[in-house]
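**Q** What follows is each chain in one-letter form.
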Amino acid sequence: GAGVSQSPSNKVTEKGKDVELRCDPISGHTALYWYRQSLGQGLEFLIYFQGNSAPDKSGLPSDRFSAERTGGSVSTLTIQRTQQEDSAVYLCASSSPTGFYGYTFGSGTRLTVV
Amino acid sequence: GESVGLHLPTLSVQEGDNSIINCAYSNSASDYFIWYKQESGKGPQFIIDIRSNMDKRQGQRVTVLLNKTVKHLSLQIAATQPGDSAVYFCAEDTLGRLYFGRGTQLTVWP
Numbered sequence: 001g002a003g004v005s006q007s008p009s010n011k012v013t014e015k016g017k018d019v020e021l022r023c024d025p026i027s028g029h030t031a032l033y034w035y036r037q038s039l040g041q042g043l044e045f046l047i048y049f050q051g052n053s054a055p056d057k058s059g060l061p062s063d064r065f066s067a068e069r070t071g072g073s074v075s076t077l078t079i080q081r082t083q084q085e086d087s088a089v090y091l092c093a094s095s096s097p098t099g100f101y102g103y104t105f106g107s108g109t110r111l112t113v114v
Numbered sequence: 115g116e117s118v119g120l121h122l123p124t125l126s127v128q129e130g131d132n133s134i135i136n137c138a139y140s141n142s143a144s145d146y147f148i149w150y151k152q153e154s155g156k157g158p159q160f161i162i163d164i165r166s167n168m169d170k171r172q173g174q175r176v177t178v179l180l181n182k183t184v185k186h187l188s189l190q191i192a193a194t195q196p197g198d199s200a201v202y203f204c205a206e207d208t209l210g211r212l213y214f215g216r217g218t219q220l221t222v223w224p
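These protein sequences, in sequence, are chains A and B.
According to this note's numbering, the first sequence is numbered sequentially starting from 1.
According to this note's numbering, the second sequence is numbered sequentially starting from 115.
So here's chain A without its partners, still in its complex pose:
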């Protein structure tokens, strides 16, 4: 597609359940990022994939969070045993190899843990 696609757009889950969030980056973009945005806040870096290199996981807040990227394209962010503080919008972005024209963001997945 023309843009970064994220699914689902909204997810309500019960505390303690696992959730999977999906990101389809722009075709040909080698870099993929996950960010978290809490209400009224800026974007918090979570994880960064670049080509076939090992991902930069330094932003993941706990070991309940993990992400993978299959075939250098689609990425899945998994949150295990969700907590209420995990409620936020999870944004995915991708960038071209040069990254010069910025990072293209998806519309995000709004996660609500009840």
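I should point out that these hints are in silico values taken from the structure, not numbers from a laboratory.
In this text the structure is predicted, and so the values were computed from the model without any measurement.
Hints are not guaranteed to be accurate.
[To be verified] Distance ranges between label pairs, derived from CB positions: (1) B:131 with A:22: 39 to 45 Å; (2) A:14 with B:182: 28 to 34 Å; (3) A:13 with B:141: 33 to 39 Å; (4) A:53 with B:197: 36 to 42 Å; (5) B:128 with A:14: 17 to 23 Å; (6) B:169 with A:20: 31 to 37 Å.
All residues carry an ideal CB built from backbone N, CA and C; glycine is no exception.
Using the hints, position chain B against chain A.
**A** Just chain B, lined up with the frame of chain A:
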């Protein structure tokens, strides 16, 4: 730690006026800066970027100024329109990772 921040959390302007949104950064190693616009319920949208070897870059109705001496970045919007109402974020790229400030809420009054 080093971070990107904004001087003002909110800015209100009259339609047709010029808007200036400011940003301070502290990582002198950052070599690429981006301004994003985020409307309610949407992801951040790229507006304009600038590399550290430049001090000014112009787009359509927008200008970004970079002052590396005082580590300051600003976004100027000419003839602000109601459709410009949104949250504006500056971000710095350090080693391939983007760091974002908290954002400035711009409100344009008719």
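**Q** Decide, hint by hint, whether the structure agrees.
**A** Status of the hints after comparison with the structure:
1. B:131 with A:22: 39 to 45 Å: Taking Cβ atoms as reference, residue 131 of chain B and residue 22 of chain A lie about 42 Å apart, which means the hint holds.
2. A:14 with B:182: 28 to 34 Å: Given range 28 to 34 Å: violated, Cβ gap about 49 Å.
3. A:13 with B:141: 33 to 39 Å: 36 Å, holds
4. A:53 with B:197: 36 to 42 Å: Between residue 53 of chain A and residue 197 of chain B, where Cβ atoms are some 40 Å apart, the hint holds.
5. B:128 with A:14: 17 to 23 Å: 47 Å, violated
6. B:169 with A:20: 31 to 37 Å: 45 Å, violated
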